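Asker: So you can see what is in the structure, the chains are spelled out below.
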Amino acid sequence: MRTWLKIALCLFASLMFAHSGLASNFKETPEFAELVAAGKLPPVAERLPGEPRVLNLPELGLKPGRHGGAMRLLMGKQKDIRMMTVYGYGRLVGYDRNLNLVPDIVKSYDVEEGRIFTFHLRKGHKWSDGHPFTSADFEYYWKDVANNYELSRGGPPARMLVDGKPPVFEVIDETTVRYTWDKPNANFLFALSGGRPLYIYMPAHYLKQFHASYQDPEKLAEMVKAAAVRNWVSLHIRRGRQYRPENPALPTLQPWVNTTTPPSQQFIFRRNPYYHRVDEAGRQLPYIDEVVVGLGSSKMIPAKTGSGDADLQARYLRFDNYTFLKESEKRKGFNVRLWRIARGSQVALFPNLNAKDPVWRKLLQDVRFRRALSLAIDRHEINQVVYYGLIRESANTVLPDSPLFRPAYQNAWAKYDISKANKLLNDIGMTRRNADGIRLMSTGEPLEVVVDTAGESTEQTDVLELIQDSWAKIGVKLISRSSQRDIFRKRIFSGLTVMSVWTGLENAIPSPQMSPMELAPTSQQQLQWPMWGLYSDTNGRAGTPPSLEEALELQKLNTAWERSTNDKERTEIWHKMLSIYTDQVFSIGIVNGSLQPVVVSNTLNNVPEKGFYNWSPGAYFGMYMPDTFWFSKRAN
Amino acid sequence: MNQEKTPPSEAETEHFVSQAPFDLQSIEQLSEDQEKLYLASQWTLMWWKFKRHRLAVVSGLFLIALYLSVLISEFLAPYNLHSRHVDHIYAPPQAIHLFHDGSFVGPFVYATNFKLDMTNLSRVYTENRTKIYPIRFLCRGDDYKLWGQFESNLHLFCPAPNGTLFLLGTDRLGRDVLSRIIYGARISLTISLLGVTVTFLLGITFGGIAGYYGGVVDLIIQRIIEVIQSLPTIPLWLVLAAIMPVTWSPLLVYFGITIILGLLDWTGLARAVRSKLLSLREEDYVLAAQLMGATPRRIIGRHLIPGFMSHLIASATISIPTMILGETALSFLKLGLRPPITSWGVLLVEAQNINVVVLYPWLMLPVVPVIMVIIAFSFLGDGLRDAADPYK
Amino acid sequence: MLHYIFKRILIMIPTLLLISMLVFLLIELPPGDYLESYIAELQMQGETVDPQHIEFLRKEYGLDKPVLERYVLWIYGMTHGDFGYSFEYQMPVSRVVGDRMFLTTLLSVSTIIFTWLVAFPIGIYSATHQYSWGDYGLTFIGLIGLATPNFLLALVLLYLANIWFGTSIGGIMDPEFLNQPMSWAKLKSILSHLWIPVIVIGTSGTAGMIRRLRANLLDELQKQYVITARAKGLHPFRSLMKYPLRMSLNFFIADIGNIFPNIISGSVLVAIVLSLETTGPVLVAALQSQDMYLAGSFMMFLATLSVVGVLVSDIALAILDPRIRLQGGSTK
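Protein chains in written order, with the numbering used here: chain A, 1011 to 1646; chain B, 236 to 627; chain C, 12 to 343.
Bear in mind the hints are in silico, worked out from the structure with no lab data behind them. For clarity, every value in this text was computed on a predicted model and none was experimentally measured. Do not rely on the hints blindly, as some may be mistaken.
[Unchecked claim] The following label-pair restraints were derived from C-beta to C-beta distances:
1) B/Thr279 with C/Glu39: 54 to 64 Å
2) B/Gly528 with C/Ala242: 43 to 53 Å
3) A/Glu1337 with C/Leu128: 36 to 46 Å
[What the hints assert, rightly or not] Per the computed footprint, the stretches of chain B lying under chain A, defined by three or more beta-carbons under 8 Å from a beta-carbon of chain A, are:
4) 279-285
5) 355-366
6) 588-596
Backbone N, C-alpha and C fix where the C-beta goes; we use that ideal spot for every residue, glycine too.
Bound conformation, chain A alone (with noise of 0.2 Å):
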């Protein structure tokens, strides 16, 4: 009996310890010691929440690393300055480098029935004023933002509603807030973590000044003249704005904060000294002091960044930069590093199944004709051609690094098969062809599918060459119109392409806890069948109803995964969506696994080797934590 006690004993004493000794050992961040001699500043520990989000680097796999430095890097329009949110990934809850979800500005979560969210806040955690982040910043945005009539016209945003009903919010305390829904919510969590997140949390004691429940009236209209906008509703959205951190003024939680007022061709991003992270040594993160981020256009970036103008570059290097790249490597001081792109296909054609014309209409929605499509593509050669060789050839399915991976759903109808081919398009009646080989169509015109491309992207327009040519072979010829953007979506919507060509899945790595919802119809941004995705969206106001048995039980399959409670229940789920997807070929894949370069400085340490790049999940380079980055000796 003394035995355990005494243990028991030592376990507590040496905890204590070790906490007390963790809060004392944490190290004044260099940069600050001058401002905390100063008493301008407070000390860091009293800068960190009582609980900091401790990271220990070596059971990362990371080395610990030491303060300063600024890191370049390039970016095109303005509106790229978001991409710090995106890489900062200072987020509620957080995907790790391992796709595990975990606890990242919330010290813990619970969640119950899988509708009843209680998030538990880090006691002394404050934004990046100083001022104190806590329940009441929930608070305000629920009844002040969300609820409020003129900020949000539409009420709350969709994401937090479930079969159209908002949850029931409550504040327990000070570092407490619970959502409840009536029904599960399985993408609540997902939307928190992502690269652009739902907020649900705001900087109340800053933006109150700009609502017209706390601020006098006098004095806010004076500001809406001198912002120049219209009413306060614009000035509060202008100066609301975390994703697009514009207004230096705006504190935040990320860890780094801007402090350029825009218009500028450079922003720098400043050290955030109340950031919660810390690595096992009590070094409060992010190593990096600053980030200078530099505009320009976006078509010289491979260029500048192959004379070293960037410490780490991913963004607007294409794959076909990196013989580039890799020759200037040692001149200029920084390696090239290959990170995977975790989409479903880099090159994805789709059908429209919801094409006006009813000829083509009825064609596209024969899943004879998208299989002998697909049948028909000689994936092995483009490969060779376009990526070297590299990557992985596929339907537009997910990874082998997903749990829910099948080699099945990777080989659907996707070995090329001439053949094959043909003779599914002989048994749909197309038998006659013209003089130049082309087959007819029902209503005796040749076979020929106009596919419509953004026009933003070569690799698109040579995969289709490829395409064309191997088509040519069942007598498909293919027309490849290049259109601009908005108008290349409109006439999605309406009808109008018969194919279009995109990338395929999104999110390529999923685990069962991540939603399927692009496995199914569920928005009107799907390029294949815009009208049932809208009719889904919509809760049956607009669109059609799927008229594809296939898609319908998709639909309903997806419903039930959003209803299920248990991981079993979901992994079957997703694999029978993934089934019926790749088996009915609703867009056809070619490639995955393909490659994305990305230039590190040579001093610049805890950038994996190998990676995801991903926006969802993953936030690009937010799963890797570049808080934890760190210059050598020498930085710049």
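Fit chains B and C to the given chain A structure using the hints.
Answerer: The following block gives chains B and C in isolation, referenced to the frame of chain A:
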């Protein structure tokens, strides 16, 4: 005349008429050449003056050859426009050799060995000096359809049966650059010619009206010209190209582009026409025509314009380079012709990135025919302008 | 004299008004408006679009008003120095402009000076040594400059400058000086970057100017008074400099009117390629996203610059050449 005698009466005065045959040339002897010079018509004089400008003559011949080649592009190009070679992507140009191992073999190229460098992900091509691919002439090669109508596969020169002949290298899909340049000539040269025709028509119409009527009409047209000239061209193009519906077939897009290009330069021509007309208008023959009841259109068209047609032709010739450059600029802004149509502009835009400048510079070769054609047109225009006023 | 200047300035006003109408019309012509391209962009990035928010924005930006009303508001605003609101940058247009107007003017003026400096001696040489090898050779070089597409030349020069001189790629100055006030170092940095666009844009205009100067000078040299002067024993050089050249100088001034608009529009393309901080790239981006007021105001600025340039050259010409001033209308 003798002062002593008074003039005799008519009966007595001898009326001297020499019976000797009259020689026209006895007073002043003209050489052959001089005679030709004085009797020559205006056009002949212009031709002679033009011949003096040797470069202009050379340019003229060069351009005529080029335009004629447009008719037989398919025959001249060693490869079809779309033929791809997966094993020869980004292959550098192959040099033509005549001598192999010391003996004369006839024109040939060496085979190339291809290796994929996986560290740099670059394609490395080395010459294989043991394998020879002699160039064949008047041979059967890739299939093509002459003007999209007549099937054939006769080429002026083609590679050896299993060999390659990439005289200017290949691009990222393994397409022969030389063939694409030859095909591109067809589009670039004709589009600029059509554009110039549009310019011509617009310029003559507006300039003619302004110059002939003068006064208020002139003032208004001049203001319009000024307005259009002040508008920055690039934004103008952007807007005009944005209006062009995407659904148009490539052919319609092509014509749309010619019209846009034609709208570029007509103001200069209009101004020249106007100023010339303002001075010529005062001539007597115009007055005569008016008195005889000729309509203004007839006067302008039949009497005034031909007087300085030569100037107009010279100006038009100088506009063509602007058209060609305009087409390349439109392609650069992604507004003009787009693949799969191939023009020099499209080829140059594909070459306009840092990869090409550093690693595959041969893709910039389409700039050479562009430069040559523009220079040729400039010299031709110079010569024509010098010749236009032969009486100087 | 003053009467002439006054008349010209007076005529400039309706011209500018007409230009503004045309500019506005051109921006309105392409189908859709800013919000549609904004929506398309959001969708491209896979982000959700809230239709309510879009409606709100539409009212906010005044895009629901009829065309005429928007035009009148814009013109009215412009006379008060309010150039409208940029949707893309989310701030008044006048704030977006910043340094750009200054840099654009700097670029255009430098290019003109460069063109003069190059065209002048070459033009004279060509005229006096007509049909010689020197004439052909120099014209040839000038033509190569004209014939090479600007965007390609700019890219190649950029790369070479980076390799040989270490000039940083793109931009009109080194990044450190971007938001700093003007200083010697900043000026030096600007100059070291400026020569590329000046050469690229300038070479296009140089060839034309050389040939026009040559033609003009040739015309003059054949006039009677030159022959008389030579016959009377005047030194060839003086007979060249004293009279014909002066006449041709007029031409120089007049030619500004010709080349200025070309330089301005040529600079747009080069500015895009080289990523210069002039009005060009912003204008093109604004047109593509249909950021109406920004595009319109910039176009007005460029057009006004053109018109003013032409005006200046016309006035200068009038000062130099009395015949222009006294030019009458038609007689019939």
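Asker: Checking C-beta pairs, does the segment 355-366 of chain B have three or more residues closer than 8 Å to chain A?
Answerer: holds (count 3)
Asker: Measuring from beta carbon to beta carbon, are A/Glu1337 and C/Leu128 in 36 to 46 Å?
Answerer: holds, 38 Å
Asker: Counting residues of the segment 279-285 of chain B whose CB is closer than 8 Å to a CB in chain A, do you get three or more?
Answerer: With 0 residues in contact (Cβ-Cβ under 8 Å with chain A), the coverage given for the segment 279-285 of chain B is violated.
Asker: Taking 43 to 53 Å as the stated bounds, is the beta-carbon spacing between B/Gly528 and C/Ala242 within them?
Answerer: Distance hint for B/Gly528, C/Ala242 holds at roughly 49 Å.
Asker: Under 8 Å between beta-carbons, do enough residues of the segment 588-596 of chain B, three at least, approach chain A for the coverage claim to hold?
Answerer: holds (count 5)
Asker: Starting from the hint 54 to 64 Å, judge whether the C-beta atoms of B/Thr279 and C/Glu39 obey it.
Answerer: Cβ of B/Thr279 to Cβ of C/Glu39: about 55 Å, so the range 54 to 64 Å holds.
Consistency with the previously given hints fails for number 4 only.
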